[in-house]
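Engineer: Take a look at the letters that make up each chain.
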Amino acid sequence: MAEARSMLRHESGAMSNRMVMIDRLEWRPGPQANRYDWEAEGWTGGDTDRLAFKTKGEGAFGGKAEKIELQAGWLHAIDPWFDVRAGIRQDFQAGPHRTQAVVAVEGLAPYWLDVEAELFLSQKGELTARTEASYDQRLTQSLILQPRAELNISAQDVPELGLGSGLNSVELGLRLRYEITRRLGPYVGVSWERKLGGSARYARADDEKPQGARFVTGIRLWF
Amino acid sequence: MQSARLDRRSVITGAARLGALTVLGGAMPGWARAGTSGAGAGSVLSGESIRIDIGHVPITVGGRSMHAVTANGTMPGPLIRLKEGQKVRLSVANGLAEDTSIHWHGLIVPFQYDGVPGISFPGIKPGEVFDYDFTIRQAGTYWYHSHSNMQEAMGLFGPIVIDPAGAEPAPYDREHVILLSDWSSIHPHVQLQRLKQMGGYFNRQKQTLGGLLAGKDQDLSERLAWGKMRMDPTDISDVTGSTYSYLVNGHDTQANWTGLFVPGERVRLRFINASSMTNFNVRLPALPMTIVQADGQDVEPVETDEFQIGIAETYDVIIRPEKAEAIAIIAEAIDRSGLCRATLAPRIGMVAPMVAVRERPLLAMKDMGMDMSGMDAASGTLDLSAPVTAPAKAGSHGAMNMRDTSLVPASVRLGPGVATISAAPADRLGDRPTGLETVGHRVLTYADLKALVPHPDRRTPERELEVHLTANMERYMWSFDGVKLSENPEPLAFRHNERVRVTLVNDTMMPHPIHLHGHFFELVNGAEDRQPRKHTVNVLPGGKASFDLTADAVGDWAFHCHMLLHMHAGMFRVVTVRADGPSAT
Ligand SMILES: [Cu+2]
Numbered sequence: 072m073a074e075a076r077s078m079l080r081h082e083s084g085a086m087s088n089r090m091v092m093i094d095r096l097e098w099r100p101g102p103q104a105n106r107y108d109w110e111a112e113g114w115t116g117g118d119t120d121r122l123a124f125k126t127k128g129e130g131a132f133g134g135k136a137e138k139i140e141l142q143a144g145w146l147h148a149i150d151p152w153f154d155v156r157a158g159i160r161q162d163f164q165a166g167p168h169r170t171q172a173v174v175a176v177e178g179l180a181p182y183w184l185d186v187e188a189e190l191f192l193s194q195k196g197e198l199t200a201r202t203e204a205s206y207d208q209r210l211t212q213s214l215i216l217q218p219r220a221e222l223n224i225s226a227q228d229v230p231e232l233g234l235g236s237g238l239n240s241v242e243l244g245l246r247l248r249y250e251i252t253r254r255l256g257p258y259v260g261v262s263w264e265r266k267l268g269g270s271a272r273y274a275r276a277d278d279e280k281p282q283g284a285r286f287v288t289g290i291r292l293w294f
Numbered sequence: 166m167q168s169a170r171l172d173r174r175s176v177i178t179g180a181a182r183l184g185a186l187t188v189l190g191g192a193m194p195g196w197a198r199a200g201t202s203g204a205g206a207g208s209v210l211s212g213e214s215i216r217i218d219i220g221h222v223p224i225t226v227g228g229r230s231m232h233a234v235t236a237n238g239t240m241p242g243p244l245i246r247l248k249e250g251q252k253v254r255l256s257v258a259n260g261l262a263e264d265t266s267i268h269w270h271g272l273i274v275p276f277q278y279d280g281v282p283g284i285s286f287p288g289i290k291p292g293e294v295f296d297y298d299f300t301i302r303q304a305g306t307y308w309y310h311s312h313s314n315m316q317e318a319m320g321l322f323g324p325i326v327i328d329p330a331g332a333e334p335a336p337y338d339r340e341h342v343i344l345l346s347d348w349s350s351i352h353p354h355v356q357l358q359r360l361k362q363m364g365g366y367f368n369r370q371k372q373t374l375g376g377l378l379a380g381k382d383q384d385l386s387e388r389l390a391w392g393k394m395r396m397d398p399t400d401i402s403d404v405t406g407s408t409y410s411y412l413v414n415g416h417d418t419q420a421n422w423t424g425l426f427v428p429g430e431r432v433r434l435r436f437i438n439a440s441s442m443t444n445f446n447v448r449l450p451a452l453p454m455t456i457v458q459a460d461g462q463d464v465e466p467v468e469t470d471e472f473q474i475g476i477a478e479t480y481d482v483i484i485r486p487e488k489a490e491a492i493a494i495i496a497e498a499i500d501r502s503g504l505c506r507a508t509l510a511p512r513i514g515m516v517a518p519m520v521a522v523r524e525r526p527l528l529a530m531k532d533m534g535m536d537m538s539g540m541d542a543a544s545g546t547l548d549l550s551a552p553v554t555a556p557a558k559a560g561s562h563g564a565m566n567m568r569d570t571s572l573v574p575a576s577v578r579l580g581p582g583v584a585t586i587s588a589a590p591a592d593r594l595g596d597r598p599t600g601l602e603t604v605g606h607r608v609l610t611y612a613d614l615k616a617l618v619p620h621p622d623r624r625t626p627e628r629e630l631e632v633h634l635t636a637n638m639e640r641y642m643w644s645f646d647g648v649k650l651s652e653n654p655e656p657l658a659f660r661h662n663e664r665v666r667v668t669l670v671n672d673t674m675m676p677h678p679i680h681l682h683g684h685f686f687e688l689v690n691g692a693e694d695r696q697p698r699k700h701t702v703n704v705l706p707g708g709k710a711s712f713d714l715t716a717d718a719v720g721d722w723a724f725h726c727h728m729l730l731h732m733h734a735g736m737f738r739v740v741t742v743r744a745d746g747p748s749a750t
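Heads up: the sequence lines are chains A and B, in that order.
In this text, residue positions in the first sequence follow this note's numbering: the first is 72, and each later residue adds one.
In this text, residue positions in the second sequence follow this note's numbering: the first is 166, and each later residue adds one.
Simulated from the structure, these hints should not be mistaken for laboratory data.
There may be inaccurate statements among the hints.
Derived lysine to any residue pairs resembling SDA-like cross-links, with alpha carbons at most 25 Å apart [unchecked claim]:
| # | chain 1 | residue 1 | chain 2 | residue 2 |
| --- | --- | --- | --- | --- |
| 1 | B | 393 | A | 247 |
| 2 | A | 280 | A | 227 |
| 3 | B | 371 | A | 292 |
| 4 | B | 381 | A | 218 |
| 5 | A | 138 | A | 92 |
| 6 | B | 393 | A | 182 |
| 7 | B | 381 | A | 217 |
| 8 | B | 393 | A | 138 |
| 9 | B | 290 | A | 75 |
Could you build all of it, start to finish, from the sequences and the hints given here?
Structural biologist: This is how it looks when you write it as structure tokens:
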């Protein structure tokens, strides 16, 4: 009976679940180079405590990946809508990169806005932050227009990484997705990026344009 | 045991003979076969010794295939027909590779035969036979289902009809069992996982920008007000017609279950909602229905045109078809994502007219536990331009506090699992159910039900107990008082024969069919000494419902939401009735 009782308890609210969401897996054609970009996250665990991972990256086809970021941590529900995440971020690209501690808040804000704010502290003591927000506007049950924004902020100049202090880059995107099924949606869209302040100066010094817009096409899938 | 085996064989040969009528992968017991003459047709399990073999068979319905878990090889299972006052031994043999159980839904039995693993008994191991031994103390329409590992959602259910020892208070010439269910090819564990990943996963009827431009649904200011609160007015059902086939007696619309009648007869229809996650609106567009029983208990006959049947409820109705025409039985999912049409006809082969699914309803302020003032009662929509008088409404643009934690008793644990609190929950027993607020014909409400005979216990309740139905739809967390069963809450304790008024407060925007095992309670619906006795009450969104309970059955009992995925998410409590129990304070 004790076994049946503990089984009943487990089956009535304690079952563990998991999710992998590949939010963006995209191709960005361009005059000099065709580029790729991805963002994915996932979790496993119960209703209020989960192990979580996140990855972002980008690069040009034919070259080395310019950014590969992998995060792992613990996700804890702090209220009906928001979670805090605490963990480690490791970057893997060639050239200078960092290991960082992460504290993030993510969740669903009023008006169904998906928001996320992350604070990073590197092993060299550099403090940076990133915020993202997106919104799914259903045009029909299957056709979804998604505006999104990302801001990057740094507390100090980090010349080695091309970061100026203050608000150093903005990325705005608009993607139109068709959900073949709820879990599989190809999309097309545009992405506009601009580096600001010190980061823009570092970019120009490197012969990079500090801003640009690209057509993107990709797929969102989850399981 | 021997005779039960013979019964089973005759079901299978019967199905083979009527193969042309059987469109499904699995065989059908006689009562559920298309073209049946009634609930007595084919083999019926009756007598004092009944054997039920639990197994599984692959079944395809509406192009959706899955392994069904079955009783005696069929989905739905065989009809068990008993007589009030008789003794019965029900031997349930487990032919599965996992534990099983059968719960006799609505039957008053000693707790050790109630069939809930972990509460009343340890469950039935693979290869084991468990004997349920009890005396039948009631009459009416009931049903049975597994209480193990979502087997009920996979087809392990069937009807029970108990004939009264004395005269039938609502006599009839012919009867049919009308068992409603939902069938998906997505395993219920996967359904639950999808909903945990994305709360609105199965909802394909959300509001869209296209709809706004076409002038449909809410206007922009309402959408903004609801969006600000992160509330979705189309969130009527969690699992929908996007994955379900809706079934009458195991048949979808195309398979067209048909029950026969002779014009002029009084035909009794015994409706049972054996669905996993679907509340249904039921109507016979061509005929009025006279309700004579609810949850197996006789009520004063009341005529209506449509009723909503919560999961696990039963309603018996009597109809008098006069013409030799096919009559449609329409069971429509309350979110209008699909329906099932079945036929009553004087001859096999007739098909009742199909009806279109009506437009899906939208939730309104009252479903959020808000007062009706400021609302256009006729259309059921929110009028933001009207003066605001309800206490909880602080502003005209949705600035109302949807989670005022000062409004709930300390017994409610407020965590991430409680996203909303009804600010001014109204007693909704007299309200038309979700989506039927404005239909242009008669709709049954709980206030229309009056017990045929007064309940013998006329004591005023000694104490009151408030239980909150709580949820976070986006995280897909469901609980009583903010605590899941997995968090090991104290049981709700009653003294033996204590009389208690229990008020269920729905802090969510969904109806919840709440079921108490081992007892009937009386709905406090204004019927005074005729309060109707029920085993399940569907508590409307944002509202409350009270019942009076005489805790007359010693033991531990399950108390849970009968939406199976809510139950498995934790909306479940143990009720304990102790002979030497705690004091009433
Ligand atoms: Cu529920």
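Engineer: Is residue 280 of chain A within 25 Å of residue 227 of chain A, Cα to Cα?
Structural biologist: Between residue 280 of chain A and residue 227 of chain A the Cα gap is close to 22 Å, so the pair holds against 25 Å.
Engineer: Taking only the CA atoms, is the gap from residue 393 of chain B to residue 247 of chain A under or equal to 25 Å?
Structural biologist: holds (23 Å)
Engineer: Residue 371 of chain B and residue 292 of chain A: Cα distance at most 25 Å?
Structural biologist: OK: residue 371 of chain B and residue 292 of chain A at ~20 Å, within 25 Å.
Engineer: Sort out whether residue 75 of chain A lies within 25 Å of residue 290 of chain B, counting only the CA atoms.
Structural biologist: Satisfied, since the Cα-Cα distance of roughly 11 Å is no more than 25 Å.
Engineer: Given the hinted pair residue 381 of chain B and residue 217 of chain A, is their Cα-Cα distance within 25 Å?
Structural biologist: holds (22 Å)
Engineer: Does the structure keep residue 393 of chain B and residue 182 of chain A at a Cα separation of 25 Å or less?
Structural biologist: Answer holds: residue 393 of chain B to residue 182 of chain A is near 4 Å, not above 25 Å.
Engineer: Can you confirm whether the C-alpha distance between residue 381 of chain B and residue 218 of chain A stays at or below 25 Å?
Structural biologist: holds (24 Å)
Engineer: Does residue 138 of chain A sit within 25 Å of residue 393 of chain B, going by the straight-line distance between their CA atoms?
Structural biologist: violated (36 Å)
Engineer: Given the hint that residue 138 of chain A pairs with residue 92 of chain A, test it: the Cα-Cα distance must not exceed 25 Å.
Structural biologist: Given that 25 Å is the threshold and the Cα spacing comes to 20 Å, the pair holds.
Checked against the numbered hints above, the structure breaks only hint 8 and satisfies the rest.
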